[in-house]
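Chemist: Listed below, chain by chain, are the residues.
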Amino acid sequence: MVIDQLFWLFFMTFILLLIEGFYCVTVTYNLFRILIGLEVLIKAVTLFVIAAGYLSGHLALAQSIVITIIVIEVVVVVVAAGIILGFFREFDSLNVKNARRMKG
Amino acid sequence: MMLLSVLLILLVLISLWAVMTPLLLRAAIGLAATSALLTMIMYQLGAPLAAVFELSVCAGLISVVFVSVVSLTHRLPLKEFMKRRQSRIKRFIFLPLLLVAALAIMLTIKLPFQLQLPAADKISDVRVMLWNIRRIDLFGQIMALLAGVYGVLILFRGRKTDGD
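Protein chains in written order, with this note's numbering: chain S, 1 to 104; chain Y, 1 to 164.
No lab work stands behind these hints: they were computed from the structure. It is possible that some hints are incorrect.
Said to hold, decoys possible - Residues of chain Y clear of chain S, computed beta-carbon distances all greater than 10 angstroms:
{"#": "1", "residue": "Leu-3"}
{"#": "2", "residue": "Ser-5"}
{"#": "3", "residue": "Ala-28"}
{"#": "4", "residue": "Leu-78"}
{"#": "5", "residue": "Phe-81"}
{"#": "6", "residue": "Met-82"}
{"#": "7", "residue": "Lys-83"}
{"#": "8", "residue": "Arg-88"}
Stated by the list, open to error - Computed footprint of chain S on chain Y, listed as stretches where at least three residues anywhere in the stretch have a Cβ under 8 angstroms from a Cβ of chain S:
{"#": "9", "segment": "6-13"}
{"#": "10", "segment": "54-68"}
{"#": "11", "segment": "138-145"}
Cβ atoms here follow ideal geometry from the backbone N, Cα and C, with glycine treated the same way.
So that you can see chain S by itself, here it is in the shape it has in the complex:
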């Protein structure tokens, strides 16, 4: 019973974080803010993986998966930050609408 309640609590938080992340990615035109939305989505997934590991008694496996997620998150963020800086140098703006002016 307690496990069901806990699962429901984590599930609601997961869904709310997913809504925040998807809304941010969808609505904004700022490249940096798109990255923020992506980060919120990754946080939602991380939370749910740890919660699933805790509830099912596979916490060691969940932790090793979360470490993998964090490593991939860092790689994605660093490369995306590099792309954002390159974009800013080229267009002097972070507005994603400028991507239409890209050539090459």
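Given chain S, work out where chain Y should sit, using these hints.
Modeler: Below, chain Y alone, put in the same frame as chain S:
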């Protein structure tokens, strides 16, 4: 469970602030605070190794990357900033309403979950799991890191000729 509930509510509220705040630096700080809260939740759930990784890498390293990006870009002129701020408010005003609606729907239609949990893992030590059982995955992680380093090198390489 009470502390966990408070931490989860704070997690949603602070990530909402990170998403909605107009200044990018505040958004980066909000994201670092979200990571710190997630660390506390992980620690509460008995996952200290993942919590340490989350705190040092996500709340630390990624925040440094974000703040560096913000400092390397410049602010908009005040007039244009205020104009875009109005546009942003119009676009983001629906997010809290959407969250409240989603919460109300989930609390109303409480799905009857009957969790069929598998047997608990025999290996409870995360070090054994990471270094012995999932050793091949570590190779994948190293390759992902190298791919990231290569990507950054390619992004910041100097232009040799116009044709490049």
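Chemist: Are the hints correct? Go through all of them and say.
Modeler: Evaluation of the provided hints:
With a closest Cβ-Cβ approach of about 12 angstroms to chain S, Leu-3 of chain Y is found to remain outside the 10 angstroms limit, as its non-interface label requires. Chain S draws Ser-5 of chain Y into its interface by the beta-carbon criterion, the shortest separation being 6 angstroms against a cut-off of 10 angstroms. At the 10 angstroms boundary, the C-beta of Ala-28 of chain Y falls inside the reach of chain S, the nearest C-beta of that chain being 8 angstroms off. Separation of Leu-78 of chain Y from chain S is adequate, the least Cβ-Cβ distance of about 16 angstroms exceeding the 10 angstroms criterion.
The beta carbon of Phe-81 of chain Y sits about 12 angstroms from the closest Cβ of chain S, which is more than 10 angstroms, so the claim that it is off the interface holds. The beta carbon of Met-82 of chain Y sits about 16 angstroms from the closest Cβ of chain S, which is more than 10 angstroms, so the claim that it is off the interface holds. The Cβ of Lys-83 of chain Y lies farther than 10 angstroms from every Cβ of chain S, with a closest approach of about 13 angstroms, so its non-interface assignment holds. Once the 10 angstroms rule is applied to beta carbons, Arg-88 of chain Y is inconsistent with being away from chain S; the minimum gap is 8 angstroms.
Counting residues of the segment 6-13 of chain Y whose CB lies closer than 8 angstroms to any CB of chain S gives 3, so the stated coverage by that chain holds, three being the minimum. Chain S is given as covering the segment 54-68 of chain Y, and this holds because 8 residues of the stretch bring a CB closer than 8 angstroms to a CB of that chain, at least three being needed. Note: the segment 138-145 of chain Y has 4 residues with beta-carbon separation from chain S under 8 angstroms; the three-residue rule is met and the coverage holds.
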